[in-house]
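S.K.: Letter by letter, the chains look like this.
There are 2 protein chains.
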Amino acid sequence: MMLYDFAGAPSPRRVRMYLAEKGIEVSRVEVDLRRGGQFAPGYRAINPGCTVPVLELDDGTCIAESMAICRFFEALYPEPPLFGTDATEQGLVEMWSRRAELEGYLPAADVLRNTLRSFAGRALPGRDGDVPQIPELADRGRASFARLLERLDTRLADSEFAAGPRFTVADITAFVTVEFAARAKLGIPEAYANLARWRAAVAARPSAGA
Amino acid sequence: MMLYDFAGAPSPRRVRMYLAEKGIEVSRVEVDLRRGGQFAPGYRAINPGCTVPVLELDDGTCIAESMAICRFFEALYPEPPLFGTDATEQGLVEMWSRRAELEGYLPAADVLRNTLRSFAGRALPGRDGDVPQIPELADRGRASFARLLERLDTRLADSEFAAGPRFTVADITAFVTVEFAARAKLGIPEAYANLARWRAAVAARPSAGA
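Chains R and S are the protein sequences, given in the same order. Numbered according to the numbering used here, the first sequence spans residues 1 to 210. Numbered according to the numbering used here, the second sequence spans residues 1 to 210.
There are no misleading hints in this set.
Residues from chain S shown here face chain R by an in silico Cβ test under 10 Å; the list is partial:
| hint | residue |
| --- | --- |
| 1 | Gly49 |
| 2 | Ile63 |
| 3 | Met67 |
| 4 | Gly84 |
| 5 | Asp86 |
| 6 | Thr88 |
| 7 | Leu92 |
| 8 | Val93 |
| 9 | Arg99 |
| 10 | Glu103 |
| 11 | Leu124 |
| 12 | Val131 |
Restraint ranges, calculated between C-beta atoms of paired labels, are given here:
| hint | chain 1 | residue 1 | chain 2 | residue 2 | range |
| --- | --- | --- | --- | --- | --- |
| 13 | S | Thr85 | R | Arg44 | 28 to 38 Å |
| 14 | R | Val29 | S | Thr154 | 20 to 30 Å |
| 15 | R | Glu190 | S | Asn194 | 51 to 61 Å |
| 16 | S | Asp139 | R | Thr61 | 30 to 40 Å |
| 17 | S | Pro80 | R | Asp58 | 20 to 30 Å |
| 18 | R | Asp32 | S | Pro189 | 34 to 44 Å |
| 19 | R | Thr154 | S | Val26 | 20 to 30 Å |
| 20 | R | Glu190 | S | Arg205 | 51 to 61 Å |
| 21 | S | Ala200 | R | Pro189 | 47 to 57 Å |
| 22 | S | Arg34 | R | Thr154 | 27 to 37 Å |
| 23 | S | Gly60 | R | Gly121 | 45 to 55 Å |
Hints were generated in silico from the structure; no laboratory data involved. None of these values were measured; they are calculated from a predicted model. Even glycine gets a Cβ: it sits at the ideal position worked out from N, Cα and C.
Isolated chain R (complex conformation):
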């Protein structure tokens, strides 16, 4: 089994945090996204979508998408449960994980990819020069991100973690999003005390260094 990883990107960080929380060790290959390693012919054979991370199984099956990789490991190693236990918790974990991703992670990525010169022509992940930037998307992304922060702060007033009393993948997605968004100068307003409390608690977990 081999994990195709890149230390500088947020998506593989979600998987690394997940593995650290579970105590799972996996062999890794670093795909240097800064030098276009994801577009090398060898990597295209592993993932024609040219994104990282990918988990390659011993039979050659390749699983792309961070949460798909985590689901694979969750089925193999259920403890500690990071996708919820009973039906309600499983639903809430998926809901908060998707909110963090759709209303936070993707909008923050839109801000970066549609403004930085280094992403010219590559405004979507896994694309090599054929996706022009749309600067207006940065404004839309900033507004979506601000809305997610407000929502999360309200939620965290009543709940220790994003999906409930337990740390789950919803916290991993939300935490990686908040850290990644800081690169796009999307900070957390000082008034959001609940969010600040939660962020400090997650940052103090050993997995945050993964």
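Fit chain S to the supplied structure of chain R, relying on the hints for placement.
M.R.: Okay, now just chain S, sitting in the frame of chain R:
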């Protein structure tokens, strides 16, 4: 338990197809999105995100997001499994479901919401007049959608269904996406025979009418 639904929208259709495949009956309330029912104060209390579908449990817990609702039911009623059985299948279902959504469903929604006059100011779901349209996003959406179709057709040359030999939620997401995209005049090129075979097979299932 109550499902907040709307017959004319693609997201709730994913849940309806899922429930039909499982043979699960749930009480429903129709939220008329064409008349702004999602912005009524009563519905905002159920889902401040103003999106449909939402599942309200008997204790008042509200689960938004189609796949979160399906995960809730999958935990309660595991048979027939629609999210995969072993670890590899679970990973592949999540991967193909996410591809269909991120590279097909969301881009098709971008095409519609950034071009139709009826979505002026409402270019994102659950937003009431504060999200301007970005016409360039329609071009990007069309290109992403075309790429997904090519990928799916290649996949379906070797696989009966999107994630493998079994019908799963990945097929539900992909099928609803293809049907929904037709509204945005995004058709399937005739050359994609595998995709046409798969689409006809899914359309023939009773759940396709849900």
